[in-house]
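With the numbering used here, the residue at position 30 of the sequence shown is 30, and numbering never jumps.
Each hint should be verified, as a subset may be incorrect.
[Unchecked claim] Only pairs whose alpha carbons sit at most 30 Å apart, straight line, appear in this in silico DSS-like list of lysine-lysine:
1. 200 / 85
2. 200 / 36
3. 36 / 61
4. 33 / 200
5. 33 / 61
Rather than coming from a laboratory, the hints here were simulated on the basis of the structure. Predicted model, so just to flag it, every value in this text is computed and none were measured.
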Amino acid sequence: MIKKSDSPSRDILNLQGAHALIAAIIEFLDANKIPKRWIVDSVCAYYGSGKRGTDIRQYRKLARAYEQMGIVMSTWFSAPKFLDKEYRPLPLTIAPGQRSVSSLVRAARVSISASVALELMRRSPSIGIDAAGDLVARRPEFVLPNFAVPRAALVIERYLDTLHRNSSSKRRKSVLLLERNCHVPEVNLNTIAPVLRDIKRRGSAYIDSVNGDLEELRRRRSHRKGSGEMSVHIFAWTRPGRSQKYKRN
1 MIKKSDSPSR DILNLQGAHA LIAAIIEFLD ANKIPKRWIV DSVCAYYGSG
51 KRGTDIRQYR KLARAYEQMG IVMSTWFSAP KFLDKEYRPL PLTIAPGQRS
101 VSSLVRAARV SISASVALEL MRRSPSIGID AAGDLVARRP EFVLPNFAVP
151 RAALVIERYL DTLHRNSSSK RRKSVLLLER NCHVPEVNLN TIAPVLRDIK
201 RRGSAYIDSV NGDLEELRRR RSHRKGSGEM SVHIFAWTRP GRSQKYKRN
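I would like the entire structure built from these sequences, with the hints used as guidance.
Listed below in structure tokens is the structure:
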């Protein structure tokens, strides 16, 4: 138990937390081969201009397209028009038609064009091409190769925004956003595989359920007063204990 006299000040906790946060981000960027110069330039640009740093319009555009492709894939796996008798997604033609990429994009009611959707589909391992040249859905989750850094930016930005809103002095006037975690130390990594599979299965089922509920609430027309965005992220993580790392070293 930590004694009150031994408790660090709030400033020290904030400083150490900031070090840990920055170190984790830099370590992740290093692992994804982001040059040190880019990282330093981004920090300098942020503080030098008083704005959010360098121009990130292309990232924002691709990130929004990436998220909307998730809606497209969800529509492909749920709309009766695009399912066979066994509720499996039907192949999509590239040419215009009832079961085409353009028809799916219209049904999904997203802002990206059919040409952009097609370009992203061709890059994604979530979609394949059959002998007839039609697009075939392999998995309901839309993923892109070499997209780890933009995906992390999406999640981290929104998680930090959630933390900020939950700690705001005005939080009592609004709905408290969900922000919870569960942690178990000394878990046996050799026997955890079934638990992780269960987490993945139940997490996917929950996301599918929430996605259906939110989709029913989506407005037919955007840019109206009182409109906004909402997303839900679920992830699980494991890592070896320190003693194991020392033994390996």
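Status of each hint after checking the structure:
no.	hint	in the structure
1	200 / 85	27 Å, holds
2	200 / 36	35 Å, violated
3	36 / 61	25 Å, holds
4	33 / 200	29 Å, holds
5	33 / 61	22 Å, holds
Consistency note: the structure conflicts with earlier hint 2 alone.
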